[in-house]
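For reference, the chains in residue letters:
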Amino acid sequence: MGILQNILEQFINGLRSGSIYALIALGYTMVYGIAKMINFAHGDIIMVGAYALYVGLSILHLPAILAILLSLVVCTIFGVVIERVAYKPLRSAPPLAVLITAIGVSFLLQSVSLLIFGATPIPQESIVKFAGIKIGGLSISGITVVTLIVTTICMISLTWFIQKTKMGSAMRAVAEDKGAAELMGIDVNKTISLTFAIGSALASIAGILYVCQYQSLKPTLGAMPGIKAFVAAVLGGIGSVPGAMLGGIILGLIESLSKAYISTELSDAIVFGILVLVLLIKPSGLLGKIRKEKV
Amino acid sequence: MKKVRLVALGLATTLALASLAGCQSKSETDTKQGTDTNTDTSTDSSANAGGETYVIGGIGPLTGDAASYGISVKQGAEIAIKEINDAGGVKVGDKTLQLSLKFEDDQATPDKAVTAYNSLMDSKMDALLGAVTSGSCLAVANLAQEDDILMLTPSGSAQDITKNTNVFRLCFTDPLQGETMAEHMITDLKFKNVAVIYKNSDEYSTGVYEAFAKKVAELGGTITTAEAFADGEDFNTQLTSIKGTDAEAIFAPIYYGDASHIVTQAADLSMTLPFFGSDGWDGILDTVTDKATVEGATFLSPFFSGDKAAADFVTKYNEAYKATPDQFAADGYDGVYVIKAALEKAASTKTADLVKAMTEISVDGLTGEKISFTEDGEPQKAAKFIKIVNGEYTAE
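Order-wise, the sequence lines are chains A and B.
Its first residue numbered 1, the first sequence is counted upward by one per residue in our numbering.
Its first residue numbered 1001, the second sequence is counted upward by one per residue in our numbering.
Please note that a few of the clues may not be correct.
Okay, the calculated beta carbon distance ranges per label pair [what the hints assert, rightly or not]:
| # | chain 1 | residue 1 | chain 2 | residue 2 | range |
| --- | --- | --- | --- | --- | --- |
| 1 | A | F130 | B | E1396 | 14 to 22 angstroms |
| 2 | B | D1086 | A | L62 | 31 to 39 angstroms |
| 3 | B | G1296 | A | P63 | 31 to 39 angstroms |
| 4 | A | I3 | B | K1214 | 58 to 66 angstroms |
| 5 | B | K1322 | A | A93 | 48 to 56 angstroms |
| 6 | A | V276 | B | G1232 | 56 to 64 angstroms |
| 7 | A | F130 | B | K1214 | 38 to 46 angstroms |
No wet-lab data here; the hints were simulated from the structure.
Glycine included, each C-beta is placed from N, C-alpha and C at the ideal position.
With the sequences and hints as input, model every part of the structure.
Dropping the structure here:
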């Protein structure tokens, strides 16, 4: 076992967790870009997605593809409904009220799932049956390969959607200037709902990948990935889609490499320390644009 | 934008500080988990056939990550109590007492253990059979001394638990487990290089690991790498690091919840090194999704359900709970009998008499023949190795 090979393997580990952070970070960043709010319930949508998959597979005994669809649909509906019920009435309220509401929704989701499914972790077999690949002495697990492929596809199609489609342009327009967009005939409410739907669908994919990776579910499973992804979104520049992708992957790599070569105990401290540094040097994040606060 | 940045900075610094400090026992998320499920899980299994009742309190996780331990201890103890009450109760001096068990959930977290302890004291607990996990034991040990109550932990293995004179333990200590496993791996199985994964935020795990490391060095073995983790379910980094060394086996002194993540991910990384564990591994077959991932793993346990001596208990347990008892169930069962023996020997329910009697009794239990206790509160009995073969626990 060469050292080089070990570094490569750790790099791939980092890339895998980083691409999941990126997937979740996209949800934070898109919602922030458009609704100017931090949706702290986003991490718990991952949990909803994971449990929906479990319900589909182990309780309803659906085939894997239908269970995935179920999870996607459930999360999308949750995302849109949460926005309608909890955030829309507060659209003109001060940002702090919305932030607190989001945290409330997060606790609500966790507690409801605790009531339904209990605190005891539930084992759930992975739906990825593919054994992995070997390149030379380097072995990459099946779930890693699937994660990397799925997240890449998601990111490419999201970029295409935002840049090339009419609805994508509408989203960009609303992000740029809500008032002007409305004057140009864009349905702002519909665009915001769409953003929540896409963000939640991405979270559901993250939830499915989570289950396949760790094969166990608990009601708080979304909390830590949610926070890490939020950090990734801020690191990359919140509101910026490429920033979220970059931030997520950088975060995953730093985490994995510092765990492997510096210290497991310090890895979180290093990750958050780097965030503090970036925010001090470049307050808008790596790819964030500096915008003047409108008065 | 400014607000976001402030929030982010604040969050980041708090998290950075929190991770630096290394949380003492369980993660905040875990504690958060149960705030709403703290329903009344106490059970009252008194037979109430007239006469006075002696209340044995129990504390252990009935929900959460380590739920299997608490449930097993509780069910094992319930069987023992039923047997004793059906046979007429415990003769203490000239009185005959009926036993009753009140068991409270602590989700294996120290702060909830204190709450559970207080609620047991409110229900007039006479002796404490618990707590089940080490962190919780440490949290309530001093309270039990202040209230002058006999405390017998069925399975709390951290060294410091028994430092108070009124506290005894039924299971092996952490250091003893580490040393026994080191001897088994280095002397019996002739491994030269072993890797370790341990949970550095947990007293149990670090306790076993430190003793293991010392003994391995004494016996001339090498620990290629000791990978620590604090929390979470991702072990890919640690496993990849181990893969990069020339370790021949992995020793993981941890609880079965983490262990099942580790074996699953090791299989994903196509690692074939044999796993060795501490007694926390008991119960792992129910939490892994693929039993092939734990095939060949060996761990320490004082009890094996395939033993002839345990046949009667296994049948009763099976009838009552439709499950095969594990070592925790046996610990709970033996715990009740140890308290009974102490009550009979002391011919008194006073704690001072009971504590004195504890060092004089010898109990033939499921977890060992002629279990006796030293004045330091430690048990004297022999260990068994359990190996997972063909997806089942077998005695080695």
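Quick rundown of the hints versus the structure:
In this structure the supplied range 14 to 22 angstroms is violated for F130 of chain A paired with E1396 of chain B, their Cβ-Cβ distance being about 35 angstroms. As the Cβ distance of D1086 of chain B to L62 of chain A is approximately 48 angstroms, the hint placing it in 31 to 39 angstroms is violated. Under the hint 31 to 39 angstroms, the C-beta atoms of G1296 of chain B and P63 of chain A, about 33 angstroms apart, fit the expected range. Between I3 of chain A and K1214 of chain B the Cβ separation comes to about 29 angstroms, which falls outside the hinted range of 58 to 66 angstroms.
Between K1322 of chain B and A93 of chain A the CB atoms are about 53 angstroms apart, so this pair conforms to the stated range of 48 to 56 angstroms. For V276 of chain A and G1232 of chain B, the hinted distance range of 56 to 64 angstroms is not satisfied, since their beta carbons lie about 21 angstroms from each other. Taken as a hint, the range 38 to 46 angstroms holds for the pair F130 of chain A and K1214 of chain B, whose Cβ atoms sit roughly 43 angstroms apart.
Of the hints listed earlier, those the structure fails to meet are numbers 1, 2, 4 and 6, in rising order.
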